[in-house]
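Peer 1: Here are the chains, one letter per residue:
2 protein chains.
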Amino acid sequence: MKIAVDAMGGDHGVTPNIEGAIQATREAPLSIVLVGDQHAIQSQLDQLGGSKANIEILHASQVVGMHESPALVARKKRDSSIWKATELVKSGQVDGVVSAGNTGATMVSAFFLLGSIKGVERPAIAASLPTRQGMAIMLDVGATVDCTARQLYQFGIMGHEYGKHLLGVERPRVGLLSIGEEDTKGNEVTKEAFKLLKESSIQFIGNVEGRDVYSGNADVIVCDGFLGNVALKISEGLADAIKKMLMKEISQSVLGRFSYLLMAGPLLRLRRKTDYAEFGGAPLLGVEGISMICHGRSSSKAIKNAILKARSLAEGGLLQRIRDDIALGLVSSSTTTATIPTE
Amino acid sequence: MKIAVDAMGGDHGVTPNIEGAIQATREAPLSIVLVGDQHAIQSQLDQLGGSKANIEILHASQVVGMHESPALVARKKRDSSIWKATELVKSGQVDGVVSAGNTGATMVSAFFLLGSIKGVERPAIAASLPTRQGMAIMLDVGATVDCTARQLYQFGIMGHEYGKHLLGVERPRVGLLSIGEEDTKGNEVTKEAFKLLKESSIQFIGNVEGRDVYSGNADVIVCDGFLGNVALKISEGLADAIKKMLMKEISQSVLGRFSYLLMAGPLLRLRRKTDYAEFGGAPLLGVEGISMICHGRSSSKAIKNAILKARSLAEGGLLQRIRDDIALGLVSSSTTTATIPTE
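Chains as they are written, first to last, in our numbering: chain B, 12 to 354; chain Y, 12 to 354.
One chain only, chain B, in its complex shape (with noise of 0.2 Å):
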């Protein structure tokens, strides 16, 4: 197994892909290729003590900037790191990508060059959660932003395949993002998706409501790119702010500072339940290779993981399990295969 790795993406520079690639090849049986400058990575790779790891360095002469436009990447940067790492799963060279540079510059890179699964009419990020119960799925969080009710559909059947590989489970629970449990309630297009999931032949446990989210009550939980990518920021800044905030009053009085030294230790064993970086990426579903997306803030854990997932995901045959799904889904499903592009 050999896994790509984006030493110019994200926040932080090289150094958090650097050392994550090095923990990387520590913990699992795997070769990685770090694409970007040269210089810079070698120099990084000395320091850091992993120039007798398991790793080899692939040249790129140009970065994609954390805000630069994506469709960029392929008009002009055809020799920027994301491009050329997601150009070495395309050829086979590598069984996957991980990138915490520009999400978007990493999808355009992944649908040019990977194209979709047949039959997948738009991808997915499948982000993890965590909740009171462990974790859950949510997708899409940022990949298509008006979605049709058979997209919904598809992501259902790619999310439920994710979610047994992701959560050892054999029966995902996947429900749909809505405003009430009733099949009447959400909008025109959650309506129409609800009766497509109803059909097919995965666990849908119905619509679910914001407040389940973090309940735990479903594995995977269906939405379009729109709701899924506020959701994913209003929580974010949600518990930023709750921090904040109780920070701000504890710091205000005496007997609260020192309750906060006595708590340190449940809020760490909190904080590391919780943290983004254990869960290691989010996977774009539905294009033809495995290409991990990362939060532009990843630490070196956050890139060790998301190496991990991406090897796990691709020994465990990913993408061949979810283009049998959307075959399946093509034959079995009476009601929609008139509209179904083949191509």
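Hints in this document: simulated from the structure, not taken from any laboratory.
A quick note: this is a predicted structure, and the numbers were derived from the prediction, not measured.
The beta-carbon is built from N, C-alpha and C at its ideal position, and this holds for glycine as well.
Hints may be right or wrong, so weigh each one.
Stated by the list, open to error - No farther apart than 35 Å at their CA atoms in a straight line, the calculated lysine-lysine pairs in the DSBU-like style are these: (1) Y:Lys254 <-> B:Lys312; (2) B:Lys196 <-> Y:Lys255; (3) Y:Lys255 <-> B:Lys175; (4) Y:Lys259 <-> B:Lys196; (5) B:Lys202 <-> Y:Lys87; (6) B:Lys175 <-> Y:Lys129; (7) B:Lys254 <-> Y:Lys175; (8) Y:Lys175 <-> B:Lys259; (9) Y:Lys202 <-> B:Lys209; (10) Y:Lys101 <-> Y:Lys87; (11) Y:Lys87 <-> B:Lys254; (12) Y:Lys259 <-> B:Lys259; (13) Y:Lys209 <-> B:Lys202; (14) B:Lys259 <-> Y:Lys255; (15) B:Lys255 <-> Y:Lys312; (16) Y:Lys87 <-> B:Lys175; (17) B:Lys129 <-> B:Lys312; (18) Y:Lys196 <-> B:Lys259; (19) Y:Lys209 <-> B:Lys254; (20) Y:Lys196 <-> B:Lys202; (21) B:Lys255 <-> Y:Lys87; (22) Y:Lys196 <-> B:Lys129; (23) B:Lys259 <-> B:Lys312; (24) B:Lys175 <-> Y:Lys259; (25) Y:Lys254 <-> B:Lys87; (26) Y:Lys196 <-> B:Lys196; (27) B:Lys101 <-> B:Lys175; (28) Y:Lys129 <-> B:Lys196; (29) B:Lys259 <-> Y:Lys254; (30) Y:Lys254 <-> B:Lys202; (31) Y:Lys63 <-> B:Lys196.
What the hints assert, rightly or not - Examples of chain Y residues lying across from chain B (beta carbon under 8 Å, computed): (32) Met12; (33) Lys13; (34) Asp157.
Here the structure of chain B is known, so what remains is to put chain Y in place on it, guided by the hints.
Peer 2: Below, chain Y alone, put in the same frame as chain B:
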């Protein structure tokens, strides 16, 4: 000023509604009409020592259950507490209605009996949220699930007017909830709404992302009722999950349990600052009357604050200001006049 209260609404029966009404009459010069089961209300009113307060009772023989279909109210429950309370607004006998009952039934009663403000296409529920800097308004959070760009634009106009009143600022900062700051980010409807809001005379600060909602960077946050409802419920669910997970960690450590006692003060202050009950209900904007929607689990304090808010909105002439703004919008924005229904 006189406010009608749906005495039967909410998860906790008549008590919080009656207690809230009594408290409101003690804090402000106003009278109340409690609508619902005469006998149950009178006996509670006597028990709670409210007999001498400025409160009348209007008997209603029916109740709309929290999980009944809202459409029922107009067809089969015209002697229900919410319908009769709204009739009092219609006939001008009271200046507003407050209900913690079935939200759908409250809306249906308002649409049927009060109708829309001329020019307003769809109503919006304007919820108040705690932020790191104080308070923000989000609308719509559930009245209009599928929205056009024009409707989002009108929510911005109405939210701006409500924000001026509620937040006491001359020019509230109005943002559009989306997935990126640039005007090119969003779904088809929000991109179109962005243009309309930008042309308006309100202080439109552009797109706001999910993570800005609780930071307090915007005073008024515009979205459709589907997104707003999910956003609100995800926030409730996440805050609840954080609290429960933290309590679990704390209870597993002796130091943690001890520290919790010391932290009681800061936690209580934070809770007060973020307590939904302080915010006192959400008005249904766009209808021809003051109709306040409260959370089903409203405490007496929440009911009291909703009554006081209804009184304040009526006294401040919110309806007339929205009428004026919408009428002005009809003539000032040349790009949109063609599509506006005048009835």
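Peer 1: Take the C-alpha atoms of Lys196 (chain Y) and Lys196 (chain B), compute the straight-line distance between them, and say whether it is at most 35 Å.
Peer 2: holds (27 Å)
Peer 1: For the pair supplied as a hint, Lys255 (chain Y) and Lys175 (chain B), is the alpha-carbon distance within the 35 Å limit?
Peer 2: holds (27 Å)
Peer 1: Between the alpha carbons of Lys254 (chain Y) and Lys87 (chain B), is the straight-line distance 35 Å or under?
Peer 2: Violated - the C-alpha atoms of Lys87 (chain B) and Lys254 (chain Y) are around 48 Å apart, more than 35 Å.
Peer 1: Lys254 (chain B) and Lys175 (chain Y): Cα distance at most 35 Å?
Peer 2: holds (29 Å)
Peer 1: Under the criterion that the straight-line Cα-Cα distance not exceed 35 Å, is the pair Lys175 (chain B), Lys129 (chain Y) satisfied?
Peer 2: violated (53 Å)
Peer 1: Taken at face value, is the distance from the CA of Lys202 (chain B) to the CA of Lys254 (chain Y) at most 35 Å?
Peer 2: holds (33 Å)
Peer 1: Between Lys196 (chain Y) and Lys202 (chain B), is the straight-line Cα distance small enough, at 35 Å or below?
Peer 2: holds (25 Å)
Peer 1: Does the alpha-carbon distance linking Lys254 (chain Y) and Lys312 (chain B) stay inside the 35 Å limit?
Peer 2: Holds, at roughly 26 Å.
Peer 1: Keeping to a limit of 35 Å between CA atoms, is the pair of Lys101 (chain B) and Lys175 (chain B) held or broken?
Peer 2: holds (26 Å)
Peer 1: Under the criterion that the straight-line Cα-Cα distance not exceed 35 Å, is the pair Lys175 (chain Y), Lys259 (chain B) satisfied?
Peer 2: OK: Lys175 (chain Y) and Lys259 (chain B) at ~28 Å, within 35 Å.
Peer 1: Is it true that the CA of Lys255 (chain B) sits at most 35 Å from the CA of Lys312 (chain Y)?
Peer 2: Within the cut-off at roughly 27 Å; holds.
Peer 1: Would you check the hint for Lys202 (chain B) and Lys87 (chain Y), treating anything up to 35 Å between C-alpha atoms as holding?
Peer 2: Holds, at roughly 27 Å.
When held up to the earlier numbered hints, the structure conflicts with 6, 11, 16, 21, 25, 31, 32 and 33 and fits the remainder.
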